[in-house]
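Each chain, letter by letter, is given below.
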Amino acid sequence: MVINNNKSSKTVIQIKEMHKWFGNFHVLKNISLGVNQGERIVICGPSGSGKSTLIRCINRLEVHQQGDIIVNNVELTGDLKNLEAIRSDVGMVFQSFNLFPHLTVLENCTLAPIWVKKLPKKEAEELAMELLTRVKIPEQALKYPGQLSGGQQQRVAIARSLCMQPKIMLFDEPTSALDPEMIKEVLDTMIELAETGMTMIVVTHEMGFAKKVADSVIFMDEGEIIEQNDPKNFFNNPKNDRTKLFLSQILNH
Amino acid sequence: MSEKTYKPGNYPDLPPPPGTVGVYGWIRQNLFSSISNSLLTIISVVLLYYLINGIIGWFFLDAVFDAESKIACRKINDGACWAVITRRVGQFVYGFYPEAERWRIDITFLTMFIAFAPLLYPDIPKRKWLLYFSLFYPFFAFVLIMGGYFGLQKIEYSLFGGFMLTVILGVCGIVCSLPLGILLALGRQSNLTVVRTLSVCFIEFMRGVPLITLLFVASSMLNYFLPPGTNFSILVRVIIMFTFFSAAYIAEVIRGGIQAIPKGQYEAADALGMNYWQKTRFITLPQALKISIPGIVNTFIGLYKDTTLVVVIGLLDPLGIGRAALADTKWNGLSTETYLFVALFFFVSCFAMSRYSLWLENKLNTDKK
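Heads up: the sequence lines are chains A and B, in that order.
Letter by letter, the first sequence follows residues 161 to 413 of my numbering.
Letter by letter, the second sequence follows residues 49 to 417 of my numbering.
Quick caveat, the hints were computed from the structure, so don't treat them as lab data.
Watch out, some of these pointers could steer you wrong.
[To be verified] Chain B regions said to be covered by chain A (calculated; three or more residues, Cβ under 8 Å):
(1) 59-67
(2) 326-339
[Claimed, not checked] With a straight-line cut-off of 27 Å between C-alpha atoms, the simulated DSSO-like cross-links for lysine-lysine are:
(3) A:Lys327 to A:Lys278
(4) A:Lys281 to B:Lys338
(5) B:Lys327 to A:Lys278
Note that the Cβ used here is the ideal one computed from N, Cα and C, for glycine as well.
For reference, chain A alone in the conformation it holds in the complex (with noise of 0.2 Å):
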C-alpha cells in the first residue's frame, strides 16, 4: 500500500492542555495533541474513553471548559463567525450517517454548499455529481437517503462533506453501524481519500484500516490519551499495559 506523503510540518490543529466535563463527570482530562497538514491519525479505546466526544469538540458540537484547541489558526471559542468559518473547513461524518431524510441525495450534497458557501447551485451540483462519481454512487443521485443501503448511505455522507472542499476531516466510527459486507465499500471510500492527502482523524475499531492508513494511532481510556504511536509500534510493541489489553481483546477473538 503506498499512500502519498504530501505531509507538511504545517500544524492545522493545535489541542492544550484541554479539558471537558459532563456536568461534573471529567470525560476528557488534559488532552494535548497536535496534527499536521495532511496527517492521517487513528483514535481507539474502549466505549466510553472519549474518543468522539474528542472529536467532536474538534468542530465544537462538543464545547470545552478549559485549554485550547486552535483549528487552522483559528481558536475556538464561543464567537460564532470563528465557529462558522470553522465548520466549514472541518468535514465530519457521523456513526449513524445523519443524512438528510427528506432531500435527495443530490440536496444533500448541495445544500450546503450553496448556503453557506454562496456557491451558484449549478457550480454546487457540478461539484456533488463530482464527488459522488468518487465515491461510486452518482446512479444513485436522485434517490433518497431511505432508499440506499447502510453502505451508499454512509458514502454520500463522504460526499456530502467533501462538497464543502473541508481541509480536515472527522469520522465517527463511520463504520460502526453497517453490516460486515459493507464496511469495506466504506473503508475503500477512506482509504482513496487519504491518498488525496487530506488531513484525518478517524476514530475506529477496523484495526486493519489503522495499520494501512495511519500516521499515527492513538490510545485512550478514561478520558486520557495513553499512548500515541505509529502503527507499527503501536501494534507491535505497546508500550501501556492497558493498550496491550485493549488490543488483546479486539485483535484475538
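Mind docking chain B on chain A? Use the hints.
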C-alpha cells in the same frame, strides 16, 4: 406429494398457492374465513340492503325538492322536504349579502382555488407565477368582498352569513394560524429565555381558555386591549381570536414534530456550518411539518367546525341561518333536513382537507418510492 428437487441455489420463485391472493383470495380471507364469519357477512349484507334502501328512499326517491311550505311538501310525498333548503339556498350560501352583488363572492370563491393551487400542489406548472397571484389574492379578496373601492358598493360585514362566512372565517383562521403556530413552536424551543417564556405563556393561556370565552372577549372587550383609535370590525376580531386559538394548538403539534427529529440531524447541519435560520428552514421545519401533518390538519378541521360557535355572538353562520329558517312558520319542524344539509357542507369541506393531508403525507414519504 412429490416435491421437485432443485440444485442448491437454483430454487425458482413459485407462484403463491391458489385462493390466497387476488379478489377471490381477499374475499375468502376477509368475508368467509369461517362459518360464523360467513353468517355475519350475510346478515350484514341484508341489513345494509334495507338501510341503504330506506336512506335512498327518504333522501331521493320519496323526497320533495320544491314546494311552498312544509305542509305543501307533505301533500306531495312523505320523504325529505328539501324545499326548505332550495327555497333559501341563497341565504345558506351568502347570508344577507345583497343579491345583486353575490357574483363578487362567487368570483372570490372560485379564484381562491387558483390562489391555493400553487401552495397546496408544489409540482403544479407555472408555479412561480401562480404564487404571485397567491400573494396578491388576500387584497383582491378583501376588496371584492368588502367593496368600497373601484366603484364597488361597500357591504357591511353584518350582512355576511352562511357558508360564505364559514369559509371566510375558516380560511383566514387556517392561513394565519399556521405561520403563527410555527413561530410559537420555534419560540418555545428557543434558547432565548424571553422569547421562550412569552411563547409558553401565550400557548398555555390560549389552550387553557375555552374558545367561546375568547369569542365573547372578541365581541365585547378586545378594543380595551388594543391601542386607542383602532377599531376593528367584529369579523376581524373574531378571525384574530380563531387564529390565536388554533395557533396555540398548532404550535404544540409542531413542537411534537420538532422533538421527534433525531439529534443527529442538527449535528450534521452544525457540522456543515449551517446557522440557526438555515437549519430551521432546511432541516427542522421540513421534517417537523411533515411529521405534524395529521395533527395540523386535525387542528384545522377543528377550527373549521368551531366557526359555528360565532352564532353565540350574533353572526349568522350556516347553523344560524338554519335556525332562522326553522323559526319561519312555513318550515317549522324540518330540522332534520336543515341540519343534515349543513352537516353535509361541513363534511365535504373537512373530508377534502383530510384527503389532501393523506395525499401530502404519501407524497412526502421518501422512504419507499
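Hint check results:
Requiring three or more residues with a Cβ within less than 8 Å of a Cβ of chain A, the coverage given for the stretch 59-67 of chain B is violated, as only 0 such residues are present. Here the stretch 326-339 of chain B counts 6 residues with a CB under 8 Å from a CB of chain A, which clears the bar of 3, and the coverage holds. Restraint check: the Cα-Cα separation between A:Lys327 and A:Lys278 comes to about 18 Å, which is no more than 27 Å; the hinted pair holds. Between A:Lys281 and B:Lys338 the alpha-carbon distance is near 25 Å, which keeps this suggested pair within the 27 Å criterion.
A hinted pair counts as satisfied when its Cα atoms are at most 27 Å apart, and B:Lys327 with A:Lys278 qualifies at roughly 15 Å.
Checked against the numbered hints above, the structure violates only hint 1.
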